[in-house]
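2 protein chains.
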Amino acid sequence: MADKIYRVDMTALKATIEDVPEEWIGIGGRGLTSTVVAKEVKPTCHPLGKYNKLVFAPGMLSGTSCANSGRFSAGAKSPLTKGIKEASAGGTACVSLVKLGVKAIIIEGMPEKEGYFGIHIDKAGITIKEETELVGKGNYESIKTLMARLGDKIGVIIIGPAGEMRLSAANISVRDPQGNIRSFGRGGLGAVMGAKKIKFISIDDTDAPGTDLVDKQKFMDAGKTFAKLLSSHPLAQGLKAYSTNIMINILNEAGALPTKDFRYGQYEEHEKVSGETMAEIIKSRNGKPSHACHRGCVIQCSQVFNDKDENYVTSGFEYETIWGLSAHSGISDMDINAQADRIMDDVGIDSIEGVQAIGLAVEAGLIEYGDAEGALRLLREIGEGTPLGRIIGSGAAQFGQIYGLTRVAATKGQAFAAYDPRSIKGLGITLATSPMGADHTAGYAVAQNILKLGTFVDPLKKDGQVDLSRQMQIITAWLDCTGLCEFVLLAMAEHMDVMVPNVVDMLNARHGSSLTMEDLNNIGVKVLKTEHEFNLAAGFNSAHDRLPEFFEEALPPHNTTWDFTEEEIDAFWNF
Amino acid sequence: MADKIYRVDMTALKATIEDVPEEWIGIGGRGLTSTVVAKEVKPTCHPLGKYNKLVFAPGMLSGTSCANSGRFSAGAKSPLTKGIKEASAGGTACVSLVKLGVKAIIIEGMPEKEGYFGIHIDKAGITIKEETELVGKGNYESIKTLMARLGDKIGVIIIGPAGEMRLSAANISVRDPQGNIRSFGRGGLGAVMGAKKIKFISIDDTDAPGTDLVDKQKFMDAGKTFAKLLSSHPLAQGLKAYSTNIMINILNEAGALPTKDFRYGQYEEHEKVSGETMAEIIKSRNGKPSHACHRGCVIQCSQVFNDKDENYVTSGFEYETIWGLSAHSGISDMDINAQADRIMDDVGIDSIEGVQAIGLAVEAGLIEYGDAEGALRLLREIGEGTPLGRIIGSGAAQFGQIYGLTRVAATKGQAFAAYDPRSIKGLGITLATSPMGADHTAGYAVAQNILKLGTFVDPLKKDGQVDLSRQMQIITAWLDCTGLCEFVLLAMAEHMDVMVPNVVDMLNARHGSSLTMEDLNNIGVKVLKTEHEFNLAAGFNSAHDRLPEFFEEALPPHNTTWDFTEEEIDAFWNF
Numbered sequence: 003m004a005d006k007i008y009r010v011d012m013t014a015l016k017a018t019i020e021d022v023p024e025e026w027i028g029i030g031g032r033g034l035t036s037t038v039v040a041k042e043v044k045p046t047c048h049p050l051g052k053y054n055k056l057v058f059a060p061g062m063l064s065g066t067s068c069a070n071s072g073r074f075s076a077g078a079k080s081p082l083t084k085g086i087k088e089a090s091a092g093g094t095a096c097v098s099l100v101k102l103g104v105k106a107i108i109i110e111g112m113p114e115k116e117g118y119f120g121i122h123i124d125k126a127g128i129t130i131k132e133e134t135e136l137v138g139k140g141n142y143e144s145i146k147t148l149m150a151r152l153g154d155k156i157g158v159i160i161i162g163p164a165g166e167m168r169l170s171a172a173n174i175s176v177r178d179p180q181g182n183i184r185s186f187g188r189g190g191l192g193a194v195m196g197a198k199k200i201k202f203i204s205i206d207d208t209d210a211p212g213t214d215l216v217d218k219q220k221f222m223d224a225g226k227t228f229a230k231l232l233s234s235h236p237l238a239q240g241l242k243a244y245s246t247n248i249m250i251n252i253l254n255e256a257g258a259l260p261t262k263d264f265r266y267g268q269y270e271e272h273e274k275v276s277g278e279t280m281a282e283i284i285k286s287r288n289g290k291p292s293h294a295c296h297r298g299c300v301i302q303c304s305q306v307f308n309d310k311d312e313n314y315v316t317s318g319f320e321y322e323t324i325w326g327l328s329a330h331s332g333i334s335d336m337d338i339n340a341q342a343d344r345i346m347d348d349v350g351i352d353s354i355e356g357v358q359a360i361g362l363a364v365e366a367g368l369i370e371y372g373d374a375e376g377a378l379r380l381l382r383e384i385g386e387g388t389p390l391g392r393i394i395g396s397g398a399a400q401f402g403q404i405y406g407l408t409r410v411a412a413t414k415g416q417a418f419a420a421y422d423p424r425s426i427k428g429l430g431i432t433l434a435t436s437p438m439g440a441d442h443t444a445g446y447a448v449a450q451n452i453l454k455l456g457t458f459v460d461p462l463k464k465d466g467q468v469d470l471s472r473q474m475q476i477i478t479a480w481l482d483c484t485g486l487c488e489f490v491l492l493a494m495a496e497h498m499d500v501m502v503p504n505v506v507d508m509l510n511a512r513h514g515s516s517l518t519m520e521d522l523n524n525i526g527v528k529v530l531k532t533e534h535e536f537n538l539a540a541g542f543n544s545a546h547d548r549l550p551e552f553f554e555e556a557l558p559p560h561n562t563t564w565d566f567t568e569e570e571i572d573a574f575w576n577f
Numbered sequence: 003m004a005d006k007i008y009r010v011d012m013t014a015l016k017a018t019i020e021d022v023p024e025e026w027i028g029i030g031g032r033g034l035t036s037t038v039v040a041k042e043v044k045p046t047c048h049p050l051g052k053y054n055k056l057v058f059a060p061g062m063l064s065g066t067s068c069a070n071s072g073r074f075s076a077g078a079k080s081p082l083t084k085g086i087k088e089a090s091a092g093g094t095a096c097v098s099l100v101k102l103g104v105k106a107i108i109i110e111g112m113p114e115k116e117g118y119f120g121i122h123i124d125k126a127g128i129t130i131k132e133e134t135e136l137v138g139k140g141n142y143e144s145i146k147t148l149m150a151r152l153g154d155k156i157g158v159i160i161i162g163p164a165g166e167m168r169l170s171a172a173n174i175s176v177r178d179p180q181g182n183i184r185s186f187g188r189g190g191l192g193a194v195m196g197a198k199k200i201k202f203i204s205i206d207d208t209d210a211p212g213t214d215l216v217d218k219q220k221f222m223d224a225g226k227t228f229a230k231l232l233s234s235h236p237l238a239q240g241l242k243a244y245s246t247n248i249m250i251n252i253l254n255e256a257g258a259l260p261t262k263d264f265r266y267g268q269y270e271e272h273e274k275v276s277g278e279t280m281a282e283i284i285k286s287r288n289g290k291p292s293h294a295c296h297r298g299c300v301i302q303c304s305q306v307f308n309d310k311d312e313n314y315v316t317s318g319f320e321y322e323t324i325w326g327l328s329a330h331s332g333i334s335d336m337d338i339n340a341q342a343d344r345i346m347d348d349v350g351i352d353s354i355e356g357v358q359a360i361g362l363a364v365e366a367g368l369i370e371y372g373d374a375e376g377a378l379r380l381l382r383e384i385g386e387g388t389p390l391g392r393i394i395g396s397g398a399a400q401f402g403q404i405y406g407l408t409r410v411a412a413t414k415g416q417a418f419a420a421y422d423p424r425s426i427k428g429l430g431i432t433l434a435t436s437p438m439g440a441d442h443t444a445g446y447a448v449a450q451n452i453l454k455l456g457t458f459v460d461p462l463k464k465d466g467q468v469d470l471s472r473q474m475q476i477i478t479a480w481l482d483c484t485g486l487c488e489f490v491l492l493a494m495a496e497h498m499d500v501m502v503p504n505v506v507d508m509l510n511a512r513h514g515s516s517l518t519m520e521d522l523n524n525i526g527v528k529v530l531k532t533e534h535e536f537n538l539a540a541g542f543n544s545a546h547d548r549l550p551e552f553f554e555e556a557l558p559p560h561n562t563t564w565d566f567t568e569e570e571i572d573a574f575w576n577f
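Just so you know, the protein sequences line up as chains A and B, in that order. Numbered by the numbering used here, the letters in the first sequence go through residues 3 to 577 in order. Numbered by the numbering used here, the letters in the second sequence go through residues 3 to 577 in order.
There could be a bad hint or two in this list.
[To be verified] Pairs of lysine to aspartate or glutamate residues, derived as EDC-like cross-links and limited to a Cα-Cα distance of at most 16 Å, are as follows:
no., chain 1, residue 1, chain 2, residue 2
1, B, Lys463, B, Glu554
2, B, Lys52, A, Glu555
3, A, Lys464, A, Asp337
4, B, Lys262, B, Glu370
5, B, Lys52, A, Glu554
6, A, Lys52, B, Glu555
7, B, Lys52, A, Glu551
8, A, Lys199, A, Asp11
9, A, Lys44, B, Glu568
10, B, Lys44, A, Glu568
11, A, Lys52, B, Glu135
12, A, Lys52, B, Glu554
13, B, Lys310, B, Asp335
14, A, Lys44, B, Glu312
15, B, Lys44, A, Glu554
16, A, Lys44, B, Glu551
17, B, Lys199, B, Glu135
18, B, Lys44, A, Glu551
Simulated from the structure, these hints should not be mistaken for lab results. Note that the structure is a prediction, hence the values are computed from the model and not measured.
Given these sequences and hints, build the entire structure.
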């Protein structure tokens with residue numbers, strides 16, 4: 003069965019199932035969401051208005067047995083950055099969509115009357131129904147209710163109260179295999195879904211046709227090598243043992259762990275919040291130190307974090323969130339930080355924006371550095387919809403604007419996470435130039451700057467960083483089309499000669515295409531340029547590819563500064 | 003004595019008095035502030051950071067006997083629009099600066115330690131002193147205290163609590179001849195002054211050298227004709243009798259009075275808040291229906307508005323403020339509106355942003371349309387520094403962002419005032435294209451669209467509007483260099499052939515220059531282009547010259563829409 007486009011008109015409250023246009027056949031994931039947004043969304047439209055569109059698209063390898071391929075993309079014009087946005091998530095919905103032959107969901111328009119809606123997709127098609135029960139409810143309760151209503155195998159794409167409130171940092175969450183939460187974190191896409199009055203999309207793949215493979219043997223052969231290299235990579239094993247939070251000690255050691263709102267590169271209490279400490283805590287409480295966010299994940303960087311009484315608190319508890327609460331805001335109590343993570347997941351807020359705002363609340367004098375209860379109180383205000391909650395839920399840049407702060411680490415309106423650009427300069431170029439706004443995942447030069455994977459580019463020097471970031475952004479752009487997890491890049495950086503051909507082979511074996519490695523690179527280039535062009539038409543220019551001026555201060559311990567000239571940065575786009 | 007540049011380094015807390023560079027000799031007011039900002043301020047700098055500069059410059063005719071010439075300009079990179087900003091104000095400080103030979107004050111840097119400062123300028127020079135008594139105080143009390151401290155003839159440039167809080171819509175106020183308040187209203191320049199930790203600048207012109215005229219007779223001749231044509235113009239007389247609020251009935255009649263957040267073009271209760279009604283109220287309470295904001299003003303559009311017990315409430319009570327509280331927010335009680343105006347003057351907030359935010363608070367469901375006490379309560383929160391007060395004090399666009407609204411009338415982050423662009427299309431082009439962001443004073447095509455001064459351009463049609471707006475923006479740009487009040491334009495529009503030569507003659511007679519009418523036009527062109535170029539380098543492009551998409555809705559009673567194509571708007575810059 004040929005894949006279809008599911009197009010939802012929220013003005014008319016009608017859905018249609020369309021054939022895939024010729025030019026979209028060979029693309030998926032980020033490539034498809036960005037192509038649709040660039041083609042169908044007016045760049046100057048209001049992100050929360052009827053002309054914006056919200057697009058979901060599984061990757062080109064999603065739904066197959068390929069390791070770590072179960073991620074999909076969400077795209078729209080971002081209410082946070084005002085540019086194009088793609089965010090990626092795991093969970094169970096992606097694979098179900100592929101099995102049902104859904105190439106993409108394109109949601110357009112917005113209802114004229116009050117009220118929220120739920121969308122359901124199954125073998126029979128797609129329906130839109132008014133939803134009242136879940137309105138105003140947090141993600142944990144909503145997902146539980148939906149599972150009770152529709153069965154515990156359903157895929158769920160959902161917004162919390164933050165999305166309903168159309169807060170600029172609202173995320174879109176998905177159900178993980180255990181009924182817990184993963185998210186399309188960045189760029190405020192939850193506000194777009196909230197503006198379109200969609201509380202959730204549920205997906206039931208019962209009796210779905212499933213995933214075809216054009217050349218099964220070829221696929222299995224490539225997939226096997228790929229999975230082996232991936233799962234045996236030391237860093238994949240480290241992520242499995244210590245979650246993404248393995249980075250706390252690594253970044254602290256590198257002197258690039260932003261501390262006290264980017265004043266220092268090392269955090270005295272790093273041991274208290276490290277991945278190693280976290281794994282010990284988890285194990286001692288009968289939690290799970292490793293956990294897959296989707297079937298087929300061999301890295302399993304997620305976890306189940308229980309409290310002292312062994313009750314579930316959170317999962318998908320990431321390094322960036324922990325950094326923002328600890329080094330950035332001074333809270334070294336992992337129980338508090340887990341609670342904070344849960345609050346943000348439940349209300350439906352990008353935890354990077356949330357924790358960055360907490361650090362800025364310290365800057366603004368609302369709480370002291372290290373005020374754990376204060377931080378929880380502030381995060382709870384998001385769900386209460388207080389003015390302060392709304393400010394925090396609007397993200398770090400908005401918080402800085404409302405409180406008149408200058409020390410705000412954000413580009414294009416989106417907050418930095420746990421990496422100081424002055425001492426990881428390749429990543430700094432990514433933070434400056436990515437069409438997504440500051441997004442460490444858009445070109446994770448940490449791999450070469452700090453982890454020395456494949457090659458080493460001195461993180462403290464400017465040499466080679468623009469080229470490195472460009473290369474990483476192009477690779478990431480095509481990788482985001484495949485549905486493969488970002489962390490594939492870490493192993494791939496050391497095995498480009500084998501793993502990239504593996505991906506090419508799997509794509510061709512899945513779809514009957516005849517892609518080459520060069521084609522893959524060209525896809526990455528095209529995606530990046532498409533996004534960049536949308537942004538220029540939306541009102542960006544090179545002035546937006548700049549880091550905040552406070553990065554001219556020297557960062558201890560290396561006393562490095564952000565010293566790229568404008569010309570050096572702008573050379574990024576020469577390709 | 004040659005004029006001097008007073009340069010204040012707030013980092014070193016030192017001031018120097020410099021000769022005027024050759025290239026600045028022939029310019030003043032907006033021409034000078036925009037030239038200095040464009041030359042000395044990095045376009046991508048943080049508006050509240052140490053690299054921004056705050057510039058004050060009297061007009062080229064200020065300090066003379068020329069009617070309505072006592073206005074000066076303030077300029078900086080705006081924390082509201084993120085582009086270049088010039089705002090103009092009357093009051094007493096301007097003339098005192100001219101008498102003391104101060105061509106401009108350029109304030110740069112920012113103190114590294116806590117605390118606020120007061121700057122004093124007099125015949126002996128300029129001093130910077132730490133200020134504690136006035137910190138946190140409202141403008142009324144501060145001005146009173148400064149008059150008690152320094153005499154009741156001093157000029158005062160001051161910020162209220164809003165500026166201290168670095169709110170994006172904070173204004174800078176000046177003392178009027180009676181010790182009341184006028185303001186550099188727009189663009190959040192008060193936040194820049196607050197970031198530089200300057201509470202006030204006081205100016206004492208005792209024994210100042212005064213203003214030289216190179217050719218006194220020529221000056222007097224031109225000035226006499228000019229003043230006569232100005233003061234005898236029917237609209238000048240209307241402004242004198244009914245304040246700027248004369249526009250309520252005119253705009254209502256024209257069907258372009260934005261009502262209920264720009265849903266309608268007429269307001270049922272317009273009579274209750276009209277200029278005519280206001281004049282009656284003022285007279286019945288022993289107030290002053292007309293009052294000059296600076297010596298030499300023959301229009302006297304200000305007033306003294308007393309309460310029922312004949313106690314002073316406010317002055318400089320403008321049409322735009324009254325519109326925003328009444329038609330926009332539904333409050334038709336002039337006593338409430340006067341109190342609201344006083345609160346905003348006292349806390350130091352741009353009343354256009356303030357009242358627009360009140361209308362948006364209605365949109366957001368925080369108060370009902372017409373909730374007078376609710377509006378006062380919200381405005382009081384600004385001074386209390388509550389999160390909601392900070393949101394309101396950050397202006398309409400920020401309010402819309404935090405509350406997830408789409409119906410927000412703003413361009414480049416700056417709110418519209420009391421004119422609907424769909425039914426005054428020439429003004430719409432100004433709101434879209436002005437480098438200042440939405441600013442009706444930047445090219446007041448209302449003169450030709452509605453008031454039919456000099457010529458008539460049908461306000462409901464697109465024809466001729468781009469050319470009209472361009473012509474008005476160029477004239478306004480050079481007029482803002484002279485220190486002449488905006489309202490001079492109204493009479494001038496009907497007497498271009500006499501009043502423009504008058505201005506040329508006065509400028510030449512004052513400075514010994516040999517300007518022509520063409521030179522004046524070229525100055526206007528240069529100012530506009532300088533500002534536009536700064537904005538492009540600061541991160542703007544043509545996508546920022548767009549009105550919000552909700553203006554595609556038809557506006558009753560004419561059912562006009564905003565129907566310019568992007569190409570038509572962009573043609574504005576073809577000169």
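Does the structure keep Lys464 of chain A and Asp337 of chain A at a Cα separation of 16 Å or less? 39 Å, violated
Checking one constraint from the list: CA of Lys52 of chain B to CA of Glu555 of chain A, max 16 Å. Satisfied? With Cα atoms ~13 Å apart, Lys52 of chain B and Glu555 of chain A stay inside 16 Å; holds.
Given the hint that Lys52 of chain A pairs with Glu554 of chain B, test it: the Cα-Cα distance must not exceed 16 Å. 12 Å, holds
Given hint Glu135 of chain B paired with Lys52 of chain A - CA-CA distance at most 16 Å: With a Cα-Cα distance of about 52 Å, the restraint between Lys52 of chain A and Glu135 of chain B is violated, given a limit of 16 Å.
Under the criterion that the straight-line Cα-Cα distance not exceed 16 Å, is the pair Lys44 of chain B, Glu551 of chain A satisfied? Answer holds: Lys44 of chain B to Glu551 of chain A is near 11 Å, not above 16 Å.
Just to be careful, I want the Cα atoms of Lys262 of chain B and Glu370 of chain B compared with a cutoff of 16 Å; is the pair within it? 11 Å, holds
Proposed proximity, Glu551 of chain B with Lys44 of chain A (alpha carbon, max 16 Å): 11 Å, holds
Against the 16 Å threshold, does the CA-CA distance of Lys52 of chain B and Glu554 of chain A hold or violate the hint? With a Cα-Cα distance of about 12 Å, the restraint between Lys52 of chain B and Glu554 of chain A holds, given a limit of 16 Å.
Are the Cα atoms of Lys44 of chain B and Glu568 of chain A separated by 16 Å or less? Roughly 12 Å between the alpha carbons, so the hint for Lys44 of chain B and Glu568 of chain A holds.
Mind checking the alpha carbons of Lys52 of chain A and Glu555 of chain B for me, to see if they're no more than 16 Å apart? With Cα atoms ~13 Å apart, Lys52 of chain A and Glu555 of chain B stay inside 16 Å; holds.
16 Å Cα cutoff - pair Lys44 of chain A, Glu312 of chain B: The given pair, whose Cα atoms are some 55 Å apart, is violated under the 16 Å limit.
Going straight from one Cα to the other, do Lys199 of chain A and Asp11 of chain A come out at no more than 16 Å? 12 Å, holds
Checked against the numbered hints given earlier, the structure breaks hints 3, 11 and 14 and satisfies all the rest.
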